[in-house]
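Chemist: One letter stands for each residue in the lines below.
Protein chains: 2
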Amino acid sequence: MNGAEALLRTFVASGVDTCFMNPGTSEMHFVAALDRVPEVRGVLTLFEGVASGAADGFARMAERPASVLLHLGPGLGNAVANLHNARRAASPVVAVVGDHATYHERFDAPLQSDIHALASNVSSWVSRPGSVEELPGAAAAAVAAAYGPPGQVATLVLPADVSWSEGAEPALPALRGACGGVDAETLRCAAQVLRSGEPAAFLVGGPGCRSEVLDTLGSIASATGARVICETLPARIERGGGRFEPERLAYLAEMALAQLDGLAHLILVGAAAPVSFFAYPSKPSWLTPPDCNVLRLAGAGDDCSFVVSSLAETLDKTIGRAAPQSRAALRPRQAPESGPLTSEAVGLAVGALLPEGAIVSDESITSGAHAWAASAAAPPHDWLALSGGAIGQGLPLALGAAVACPDRRVLALEADGSAMYTIQALWSMAREGADVTVVILSNRSYAILNMELKRVEADGDGARAREMLDLRRPDLDFVSLAVGMGVPARRVTDAAGFAQALGESFATSGPSLIEAVIVR
Amino acid sequence: MNGAEALLRTFVASGVDTCFMNPGTSEMHFVAALDRVPEVRGVLTLFEGVASGAADGFARMAERPASVLLHLGPGLGNAVANLHNARRAASPVVAVVGDHATYHERFDAPLQSDIHALASNVSSWVSRPGSVEELPGAAAAAVAAAYGPPGQVATLVLPADVSWSEGAEPALPALRGACGGVDAETLRCAAQVLRSGEPAAFLVGGPGCRSEVLDTLGSIASATGARVICETLPARIERGGGRFEPERLAYLAEMALAQLDGLAHLILVGAAAPVSFFAYPSKPSWLTPPDCNVLRLAGAGDDCSFVVSSLAETLDKTIGRAAPQSRAALRPRQAPESGPLTSEAVGLAVGALLPEGAIVSDESITSGAHAWAASAAAPPHDWLALSGGAIGQGLPLALGAAVACPDRRVLALEADGSAMYTIQALWSMAREGADVTVVILSNRSYAILNMELKRVEADGDGARAREMLDLRRPDLDFVSLAVGMGVPARRVTDAAGFAQALGESFATSGPSLIEAVIVR
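Protein sequences appear in the order of chains Z and L.
With the numbering used here, the residue at position 349 of the first sequence is 349, and numbering never jumps.
With the numbering used here, the residue at position 406 of the second sequence is 406, and numbering never jumps.
Because the hints were derived from the structure by calculation, they are not lab data.
Some clues are possibly wrong.
Where chains are identical, the list cannot tell them apart; a pair therefore holds if satisfied intra-copy or between any two copies.
[As the list claims (entries may be wrong)] Below, a list of computed lysine to aspartate or glutamate pairs in the DMTMM-like style, where the Cα atoms sit at most 25 Å apart: (1) 454 to 35; (2) 454 to 261; (3) 454 to 39; (4) 283 to 215; (5) 283 to 166; (6) 283 to 261; (7) 454 to 245; (8) 454 to 470; (9) 454 to 166; (10) 283 to 245; (11) 454 to 344; (12) 454 to 254; (13) 283 to 457; (14) 283 to 254; (15) 283 to 337; (16) 454 to 467; (17) 283 to 105; (18) 454 to 105; (19) 283 to 467; (20) 283 to 247; (21) 454 to 63; (22) 283 to 212; (23) 454 to 108; (24) 283 to 133.
When you get a sec, could you build the whole thing from the sequences and use the hints?
Modeler: Below you can see the structure in the form of structure tokens.
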């Protein structure tokens with residue numbers, strides 16, 4: 001068999017059976033091999049940023065990598081922003097970048113560029129097998145590298161002749177690496193901190209945002225008085241349905257500083273110590289109080305569930321059994337039945353109507369904060385945030401999550417400005433019949449930048465600057481955009497209409513889009 | 001003044017007065033400075049690939065750089081594909097990449113990434129001034145580097161605190177470097193080759209594709225019997241209006257080999273020696289016959305006009321004065337008045353209706369070949385091709401060309417698959433009132449890949465592979481997409497309707513889109 005077929009068979013044996021792709025000429029043998037390896041599902045996208053973001057969404061929900069097939073350096077470039085997000089989310093992703101044939105490289109053909117340089121921005125694992133014999137082993141190593149833990153973006157550069165040459169055999173499957181544990185000394189320290197009675201908080205993120213970890217932390221918190229705070233933009237957090245709900249660290253540095261003020265101890269569980277998203281003149285970048293002790297209990301590659309259970313056991317021996325966290329009764333939920341369509345009304349409707357098992361892809365930026373709060377009382381669901389901060393994630397992530405979990409409803413809460421970065425995702429949603437409800441929070445502005453313009457103390461508030469942050473002139477018509485890509489859509493301008501549209505979309509299979517024109 | 005203002009003033013003094021942008025928080029001081037430096041025109045785009053492609057289009061037509069403002073590594077990533085095209089076109093572009101404040105970098109905030117690695121894919125000149133004092137000089141150096149010659153993408157990484165700090169003064173303007181000339185020995189060799197009577201051809205590209213160079217080459221050709229061939233995808237060629245029209249090197253390697261077969265000498269004028277776009281099994285990558293002598297008369301950084309004039313003078317002394325190339329009489333042009341809408345019918349209509357001074361942004365891939373041939377007899381116009389091969393160039397390039405040349409009509413000949421990579425350009429066309437006629441050649445397929453699948457000898461022609469090259473299911477509706485971004489649009493399905501729509505669009509100011517549904 002040729003290299004491409006051996007590559008796909010190695011992937012399948014290693015648990016990688018989905019490929020989001022934008023192929024070009026150098027990837028034609030990979031594409032042709034799909035017919036000989038039907039276990040691999042190919043999902044076509046119209047733009048590489050959709051493919052890479054979908055692979056991230058797939059990985060966050062399936063907890064295994066998809067592959068993403070890209071066309072030389074420019075294709076990888078187009079994928080970089082969402083690969084950056086995947087890297088920050090510690091999502092396992094195998095990026096396959098088709099390249100010129102090995103012997104063609106020296107001719108510097110038009111599409112030649114330094115692929116390795118690009119890849120090194122998002123991948124600490126990059127390999128370019130130089131022969132068909134090396135390819136299957138490199139493919140298995142790529143999958144193993146992607147798994148981690150922690151998960152990462154592994155980039156396999158695939159020369160066309162390596163792909164088309166005969167004589168390959170699939171490699172042995174990649175094995176998943178083991179998670180790290182915790183040492184007794186760290187546990188002892190953490191227990192001592194919690195026993196001390198000094199103001200303490202857990203900061204939970206990454207793999208710590210699963211419900212069993214959070215519930216255990218909730219029990220420890222109720223026994224010790226420690227607070228539990230989750231990072232601002234968790235890659236995936238299980239919440240709702242009476243699960244323990246942590247505080248969420250504020251996005252704005254000044255608010256986060258206030259939240260953390262007075263803490264003597266911050267215990268990290270799968271999270272990094274919090275820093276400001278951006279630097280602001282006269283504001284600190286480091287958000288933890290200067291005299292606060294930061295203890296790393298578990299990192300992104302560790303078994304957070306094991307670690308916090310061990311901590312709970314340790315505490316049992318020293319301060320008595322932590323009270324099991326009682327599951328909060330679900331609050332009655334009510335979508336607003338009248339009034340203007342504010343972002344609060346959107347949030348209340350989402351909280352009231354979100355179905356059990358929903359997956360929320362949240363790129364709502366300024367308009368979606370209310371939805372997070374209102375959905376705490378919703379049935380169990382997953383919430384996926386913009387861990388890497390590179391906008392254009394939301395719609396591709398929703399596509400990938402829907403492909404990973406075809407029996408669950410995906411809700412994409414999407415700001416208008418961000419939506420336009422990867423709007424092409426709508427077409428793939430239609431093509432795949434993905435059960436995605438897209439809500440465009442249309443405030444017709446890069447609203448966050450209007451806020452940031454003040455926060456960075458940029459002097460002047462001139463018309464020419466404002467013009468660069470404004471999405472009017474012309475207004476974007478998301479209904480037309482969606483229809484143009486085969487996704488049914490409607491526009492709503494009041495709270496009751498939004499709730500009705502949302503409920504109907506949740507009840508209808510396949511994708512649909514709601515343009516929610518928000519009162520500014 | 002602060003760094004951002006000094007940067008803009010340095011740019012203006014150096015001839016850089018247009019900025020295509022997708023700003024974020026770290027660029028807010030740059031944006032705010034627009035109100036204090038009104039000489040700079042900011043053009044907002046919805047996606048960085050639009051901004052970078054527009055800067056390329058601007059540079060190709062204005063022959064000076066625009067700047068493009070990008071947001072950290074992910075923003076640069078989104079711009080990479082079209083910066084790759086700009087690099088291959090030797091377009092002068094100054095990419096300004098906003099970065100975290102210098103002191104913020106060590107905190108590894110979510111948007112932190114290795115910007116230098118990304119930039120090195122497209123730029124051989126990258127600088128990151130570390131203080132406000134260094135910034136203006138770095139800005140002038142960036143412009144000088146971008147000018148070349150040859151033109152290039154210069155990347156200036158701009159930390160937020162360097163931008164917002166006070167105490168800067170504009171630097172002295174950047175000077176344009178001088179073009180290279182030619183030495184007597186090279187001229188003597190070329191003249192000798194042309195005198196020899198052996199089969200010879202000029203391969204012209206890059207700065208050689210200006211009309212005065214081509215007309216001189218045409219005169220030399222008629223005096224010596226040499227052929228004049230232009231590269232497959234010239235960044236910008238001046239043609240029409242009776243100017244000398246060179247042969248065009250075929251895209252398909254097998255056809256190019258046939259074209260060049262039998263040549264004893266190939267004389268390069270602004271072009272590189274031709275190589276196959278991709279490698280194909282059992283086909284050579286090097287397209288010039290093995291025993292053909294390749295002589296580099298002028299490179300991309302040389303003054304091609306001076307060089308070929310010098311050659312003509314040298315030949316005057318040895319073989320008598322070269323006959324001046326007679327301007328061909330314009331052939332009568334006729335748009336088809338009936339029949340199905342084939343790609344040939346599109347080409348004939350373009351050739352018949354193209355207005356004087358038009359700028360054609362050609363990303364028509366498989367469907368547009370006829371338009372090139374049919375427009376040779378059109379009034380004088382410029383033709384901009386996909387020099388770098390990274391699709392998603394055509395619409396942004398058209399936007400930038402229209403901003404550079406507001407008194408000229410731009411025609412974007414755009415394949416449907418390629419259009420979707422940077423479809424967001426339509427919104428900026430509407431916002432800027434750009435005189436762009438967008439023709440979407442809608443064959444509902446990545447048609448070139450269906451051809452390439454066979455050419456690379458990928459075995460099998462299976463349904464699953466074909467599915468990855470197909471743009472049906474659902475059909476893209478470009479009329480809805482355009483209307484959604486504020487661009488008037490219509491769909492045409494026959495030859496007469498297309499000609500009528502094209503003529504009306506040419507006669508109407510502002511952008512409009514024609515979806516030409518091509519018979520496959």
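Chemist: Now tell me, hint by hint, if it's right for this structure.
Modeler: Here is how each hint holds up against the structure:
1. 454 to 35: between (56 Å within a copy, 15 Å between copies)
2. 454 to 261: within (24 Å within a copy, 65 Å between copies)
3. 454 to 39: So residue 454 and residue 39 pass the 25 Å test across copies only (24 Å; inside, 53 Å).
4. 283 to 215: neither (34 Å within a copy, 63 Å between copies)
5. 283 to 166: between (60 Å within a copy, 17 Å between copies)
6. 283 to 261: within (14 Å within a copy, 68 Å between copies)
7. 454 to 245: Classified as neither; 32 Å inside a copy, 56 Å across copies.
8. 454 to 470: Answer is within; shortest intra-copy Cα gap is 15 Å, inter-copy 47 Å.
9. 454 to 166: For residue 454 and residue 166, only the inter-copy Cα distance (17 Å) is at most 25 Å; the intra-copy one is 61 Å.
10. 283 to 245: Close neither inside one copy (29 Å) nor across copies (63 Å); limit 25 Å.
11. 454 to 344: within (23 Å within a copy, 55 Å between copies)
12. 454 to 254: The answer is within: 13 Å in one copy meets 25 Å, while 60 Å across copies does not.
13. 283 to 457: Answer is within; shortest intra-copy Cα gap is 11 Å, inter-copy 60 Å.
14. 283 to 254: within (8 Å within a copy, 63 Å between copies)
15. 283 to 337: neither (42 Å within a copy, 68 Å between copies)
16. 454 to 467: within (15 Å within a copy, 49 Å between copies)
17. 283 to 105: Between. Shortest inter-copy distance 15 Å satisfies the 25 Å Cα cut-off; intra-copy 49 Å does not.
18. 454 to 105: Result: close only across copies, 22 Å inter versus 49 Å intra.
19. 283 to 467: Cα proximity of residue 283 and residue 467: none, with 27 Å in one copy and 53 Å across.
20. 283 to 247: This pair counts as within: shortest intra-copy Cα distance 23 Å, inter-copy 63 Å.
21. 454 to 63: Close neither inside one copy (40 Å) nor across copies (37 Å); limit 25 Å.
22. 283 to 212: neither (36 Å within a copy, 59 Å between copies)
23. 454 to 108: So residue 454 and residue 108 pass the 25 Å test across copies only (24 Å; inside, 47 Å).
24. 283 to 133: between (55 Å within a copy, 22 Å between copies)
The structure does not agree with the numbered hints 4, 7, 10, 15, 19, 21, 22 stated previously, though it agrees with the rest.
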